[in-house]
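A.B. asks: Can you make the complete structure from the sequences, with help from the hints?
Protein chains: 2
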Amino acid sequence: MPIARTPEPPYYAVIFTNQRAEGDKGYGKMAERMEELARGEPGYLGIEGARTAEGFGITVSYWASEEAIVAWKANMEHRSAQAAGKKTWYEGYSIRIAKVERAYGFARGPAA
Amino acid sequence: MPIARTPEPPYYAVIFTNQRAEGDKGYGKMAERMEELARGEPGYLGIEGARTAEGFGITVSYWASEEAIVAWKANMEHRSAQAAGKKTWYEGYSIRIAKVERAYGFARGPAA
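Which chain is which? The protein sequence lines are A and S, in order. Quick note on numbering: the first sequence equals residues 0 to 111 in numbering that gives the first Met the number 0. Quick note on numbering: the second sequence equals residues 0 to 111 in numbering that gives the first Met the number 0.
Hint data in this document are derived by calculation from the structure and do not stem from the laboratory. A couple of the hints might just be wrong.
Examples of chain A residues lying across from chain S (beta carbon under 10 Å, computed) [as the list claims (entries may be wrong)]:
| # | residue |
| --- | --- |
| 1 | P8 |
| 2 | Y11 |
| 3 | T16 |
| 4 | L36 |
| 5 | R50 |
| 6 | Y89 |
| 7 | R95 |
| 8 | V99 |
| 9 | R107 |
Cβ atoms here follow ideal geometry from the backbone N, Cα and C, with glycine treated the same way.
C.D. replies: Now the structure itself:
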C-alpha cells in the first residue's frame, strides 16, 4: 500500500489504530471488503495501512469532509463489520477523527 | 507498541507515512533515538507505529498543541535526522499535521 496521493489541505483523516485478536476468523476477507467499500464512498480521498508481526495495526483513511466520514460510518455493511469487530477481531482499538491542516512530503526518483 | 492513551480532544496528530529504502544504514538506532527525544519534548502525548514487511510504515505522534509540533520539528538533533532521512533512509514520505477533533475506542478485558 503506497503513500496516499491526497489533495491540498484541508481535508479529514480517520486514524484507526488497533490490536488484532488471535486467529483470522474472516478478518482478512472483511478488511479487503471494507477497503473496497470505502473506495466507493463519496468524499473518499485515500487510505494507508501497516501492521506489525505482533498484530498492532494502523489504518489511516482520508476524506473530503466530516459529512463523508459520518456517511461512511453509517454505511450498513460497514456497521455490521463494526459490531463484529469488537467481539471477534480486535483486542482493542482507537478511532480518532482529525482535520488535516498542513501536509508536505518527499519522493525519490522521476515521479518526485 | 500499544494504542496511545491520549487525553480528550482537541489535540494534534502528526501522521508520518513513509517507504523505507533498502538497508538499515543506522535507521533502527536513529528511529529509537528520535522516539526517545520526542517523549522528552514539551506537549508530547503519545506515539503509535507499524511497518509492513515491504517497508511501508506509519508513525503517528500526538501533541498538545501546534506550538509543540513546531518545537519538535525544530529540535536540532531531530533536524539532523530529517536531513539525513531524505538522502539515506526513505524512498518517500508524507507528513500530515492534523487536529484531532473526536476520538473513541474499545479495549477488551479488565482495563476496558
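A.B. asks: Min Cβ distance, Y89 of chain A to chain S: is it shorter than 10 Å?
C.D. replies: At 7 Å from the nearest chain S Cβ, Y89 of chain A passes the 10 Å test, so the hint holds.
A.B. asks: Any CB of chain S closer than 10 Å to the CB of T16 of chain A?
C.D. replies: holds, 5 Å
A.B. asks: Less than 10 Å between beta-carbons is the criterion; does R50 of chain A satisfy it with respect to chain S?
C.D. replies: With Cβ-Cβ at 5 Å, under 10 Å, it holds.
A.B. asks: Is the shortest C-beta separation between V99 of chain A and chain S less than 10 Å?
C.D. replies: holds, 4 Å
A.B. asks: Can you verify the interface hint for R95 of chain A: is its Cβ closer than 10 Å to any Cβ in chain S?
C.D. replies: holds, 4 Å
A.B. asks: Regarding the hint that P8 of chain A lies at the interface with chain S, is the smallest CB-CB distance below 10 Å?
C.D. replies: Check passed: Cβ of P8 of chain A comes within 8 Å of chain S, closer than 10 Å.
A.B. asks: Are R107 of chain A and chain S close enough, Cβ to Cβ, to be under 10 Å, as the hint says?
C.D. replies: R107 of chain A check passes; min Cβ-Cβ to chain S is 5 Å, inside 10 Å.
A.B. asks: Regarding the hint that L36 of chain A lies at the interface with chain S, is the smallest CB-CB distance below 10 Å?
C.D. replies: Status violated, d = 21 Å.
A.B. asks: Just to be careful: measuring from the Cβ of Y11 of chain A to every Cβ in chain S, is the smallest value less than 10 Å?
C.D. replies: holds, 8 Å
In summary, the structure is inconsistent with hint 4 from the numbered list given earlier, while agreeing with all the others.
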